[in-house]
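*Asks:* Given only the sequences and the hints, what does the whole structure look like? Please build it.
Keeping their order, the protein sequence lines are chains A and B.
According to the numbering used here, the residues represented by the first sequence are 1 to 228, in order.
According to the numbering used here, the residues represented by the second sequence are 1 to 475, in order.
Check before you lean on any hint, since a few could be wrong.
Unchecked claim - Here chain B is said to cover these stretches of chain A; the calculated rule only asks that three of the stretch's residues, wherever they fall, bring their Cβ under 8 angstroms from a Cβ of chain B:
no. : region
1   : 52-62
2   : 79-85
3   : 100-111
Since the hints were made in silico from the structure, they are not lab data.
The C-beta atom is built at its ideal place from N, Cα and C for all residues, glycine as well.
The residues making up each chain are set out below.
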Amino acid sequence: MKVLEIKNVHKIYNSSEVKVHAVNDISLDFEEGDFAAIVGPSGSGKTTLLNLIGGLDSPTEGEIIVDHINLAGLKSSGLIDFRMRNIGFVFQSYNLIPVLTAKENVEFIMNLQKWNKKERDERTLELLKAVGLEDRINSRPAKLSGGQQQRVAVARALASKPKFVLADEPTANLDSKSTETLLNIMEELNREEGITFIFSTHDARVVKKARRVITIEDGQVISDERKN
Amino acid sequence: MIWKTAWKNVWRNKVRSLVVIISVTIGIFGGVFAIAIMNGAIEQRVDAALNDEISHIHINDPAFRDNYDIQLTLDQPDHLLQTIEATPGITAVTFRTIITGMANTATKSAGVQILGIDPEKEKTVFRLYETTIPGTGDFFEEESRHLLAYIGEDLAKELNIIRYRIDEPVLEALVRKEVPLSVMEKLRPFVGYRFKSEKSFQKEIKGVLTLKEQRDYGRVIREEAWSFRQRSRMTLTFLDNEQMQTGAVFRIAGIFDIRNSMFEMSHILVKNSDLLQLTGLAPDQFHQMIIKLEDMQSATEISTTLSEKLPDLEVMNWKEIQPDLAMMTDMIQKVYTIFMVIILAALAFGIVNTMLMVVLERTKELGMLTAIGMNKKRVFNMIMLESVFLSLVGGIVGMVISQAVIVLTARNGINFASYQEGMEAMGYTAHIYPVISPLFFVMVTILIIITGILSSIYPALKALKLDPAEALRTE
Chain A
1 MKVLEIKNVH KIYNSSEVKV HAVNDISLDF EEGDFAAIVG PSGSGKTTLL NLIGGLDSPT
61 EGEIIVDHIN LAGLKSSGLI DFRMRNIGFV FQSYNLIPVL TAKENVEFIM NLQKWNKKER
121 DERTLELLKA VGLEDRINSR PAKLSGGQQQ RVAVARALAS KPKFVLADEP TANLDSKSTE
181 TLLNIMEELN REEGITFIFS THDARVVKKA RRVITIEDGQ VISDERKN
Chain B
1 MIWKTAWKNV WRNKVRSLVV IISVTIGIFG GVFAIAIMNG AIEQRVDAAL NDEISHIHIN
61 DPAFRDNYDI QLTLDQPDHL LQTIEATPGI TAVTFRTIIT GMANTATKSA GVQILGIDPE
121 KEKTVFRLYE TTIPGTGDFF EEESRHLLAY IGEDLAKELN IIRYRIDEPV LEALVRKEVP
181 LSVMEKLRPF VGYRFKSEKS FQKEIKGVLT LKEQRDYGRV IREEAWSFRQ RSRMTLTFLD
241 NEQMQTGAVF RIAGIFDIRN SMFEMSHILV KNSDLLQLTG LAPDQFHQMI IKLEDMQSAT
301 EISTTLSEKL PDLEVMNWKE IQPDLAMMTD MIQKVYTIFM VIILAALAFG IVNTMLMVVL
361 ERTKELGMLT AIGMNKKRVF NMIMLESVFL SLVGGIVGMV ISQAVIVLTA RNGINFASYQ
421 EGMEAMGYTA HIYPVISPLF FVMVTILIII TGILSSIYPA LKALKLDPAE ALRTE
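*Replies:* In structure tokens:
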């Protein structure tokens with residue numbers, strides 16, 4: 001079942017002197033449960049494409065439809081609500097809230113969605129167990145390693161059971177061991193919860209793990225391969 | 001969660017937050033304590049005015065206040081008293097005969113208002129008798145074959161009834177009060193000398209003491225050198241009922257000190273029976289009924305009731321008799337509020353600056369929060385709460401310190417000795433007991449919250465304008 005359709009999307013940045021065609025006529029579909037990596041060199045448009053999919057930026061032309069909802073039809077407040085309910089984000093530099101503990105970071109979105117305490121506690125514990133941090137629930141980000149912080153970020157991204165998770169260079173700051181652990185966790189969660197994962201990366205370890213690899217260059221899709 | 005996050009964010013940069021909190025604390029403490037001193041002075045002034053000088057309601061002939069005509073007495077005093085006593089809310093009533101005249105001693109004279117009183121009834125309405133300076137008299141307690149007068153300290157000084165002297169007992173008393181020997185040596189040449197007036201005493205003392213010595217010990221030297229000769233005399237002259245000049249010699253039955261020069265200089269109390277005899281008024285004739293109420297706030301209501309019952313007489317409550325007092329009590333809360341608003345407005349700029357830095361430093365985090373679904377209202381609320389917490393922590397600490405200092409200083413009061421003369425000339429005591437009502441703290445708390453909210457608006461709007469995609473790219 002399609003969860004995401006990208007139809008002839010363009011994104012053009014107009015600065016005073018230069019016109020940058022960051023995304024150039026991209027059309028893609030994503031199925032529920034995809035574990036896809038968008039790869040390409042720096043400046044190829046990976047992050048721009050992820051921002052467009054996540055509703056953080058709007059296309060200059062074309063349509064992005066998530067679960068039959070055309071993002072172009074949503075206003076700013078509607079987009080924020082859409083992101084809260086449908087998308088989990090994992091960022092390159094973790095972006096946890098430094099004053100909150102691992103548990104509080106994970107349950108933050110559930111709080112925004114007004115889940116009750118019992119449900120929140122259960123879900124938080126379940127996710128922190130899944131990412132192997134059940135013994136660090138009360139640790140603040142500063143007390144966790146980079147890999148552990150990114151695992152908390154993954155748990156946070158999955159907390160409200162989103163339709164898909166967008167991960168922008170999630171392993172860029174991690175060592176090999178942490179990368180492997182994180183990828184295994186994400187793959188397991190992808191299988192268990194059926195949540196679609198879309199990464200932007202140029203990390204070969206991620207590419208190896210991904211079941212679908214989309215290569216883009218100069219804002220255009222060069223190849224779209226599915227592995228068996 | 002927003003509240004908890006905002007609270008934790010306040011302590012993210014402890015030094016910066018503490019700088020803001022300390023500035024708010026100092027501002028609030030300064031404002032509250034200054035107001036407590038002002039409020040204490042005003043409450044003491046109102047209290048002194050109502051208990052020593054005017055009480056709550058006056059009833060007299062409508063034309064009496066124009067020129068204090070001796071013949072404008074109140075008729076049917078018994079009927080009047082019945083009417084007054086039947087009115088609820090009244091605790092005591094006294095009456096006075098009031099005439100203007102001159103007080104004379106061998107060297108000085110002064111224009112005064114002579115109040116003929118019944119000492120026992122007077123005590124039920126006024127507590128002036130409690131302010132008698134020890135050793136100067138007993139407020140008409142002791143029977144005497146002489147005519148007696150009860151006068152203010154400043155008038156006694158003016159008429160040279162109070163004099164100043166330095167002798168061995170005075171020097172011994174000064175030693176006990178820890179006046180240094182160097183100062184004592186400077187005073188020794190004056191032993192045995194009597195000064196005719198306070199002015200001449202002070203002139204001589206200023207001639208020998210340094211400015212610092214005058215500031216540190218001038219007051220205690222003046223208090224110890226103060227001397228009064230028992231049963232000193234003065235002559236009171238005035239017009240009698242027939243408009244003929246009359247007068248008599250009065251001995252001093254006590255000297256009162258209410259720290260109000262104006263009142264002390266212009267009022268002399270004598271027994272009403274003596275005054276009636278000298279003026280030729282009948283025993284049931286007097287000029288003014290003075291009423292003390294259970295509650296000073298009911299004065300307007302009760303004076304209106306009495307005005308309706310006594311349409312031919314002038315009934316005035318304390319707010320009408322001394323409009324300056326009424327204005328002070330009515331306006332002072334507004335003045336305090338304006339004072340605090342100005343202090344908080346100044347502090348608000350510091351808070352705005354801090355919150356702008358907070359938004360700038362957390363651009364990426366704010367972008368992330370918006371990206372994961374925190375809407376504008378919640379972002380605004382979080383920043384607003386941080387600002388309110390910052391202000392409120394400083395404010396609460398400031399109020400706690402203020403209250404502690406108020407309680408400590410209220411035990412013994414604060415003595416503004418260097419301003420005594422000026423303050424007493426305006427009717428204010430220089431020894432002030434700071435006081436503030438709990439309601440004032442509620443008002444300050446509300447103002448602090450409002451300051452926090454207003455200070456957060458500009459930084460919060462800046463945060464709302466952030467583009468999440470761009471903010472996330474910030475390093």
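*Asks:* A separate judgement is required for each hint: does it hold in the structure or not?
*Replies:* Structure-based check of all given hints:
1. 52-62: holds (count 3)
2. 79-85: Coverage by chain B holds here, the residue count being 5 at a Cβ distance below 8 angstroms.
3. 100-111: holds (count 6)
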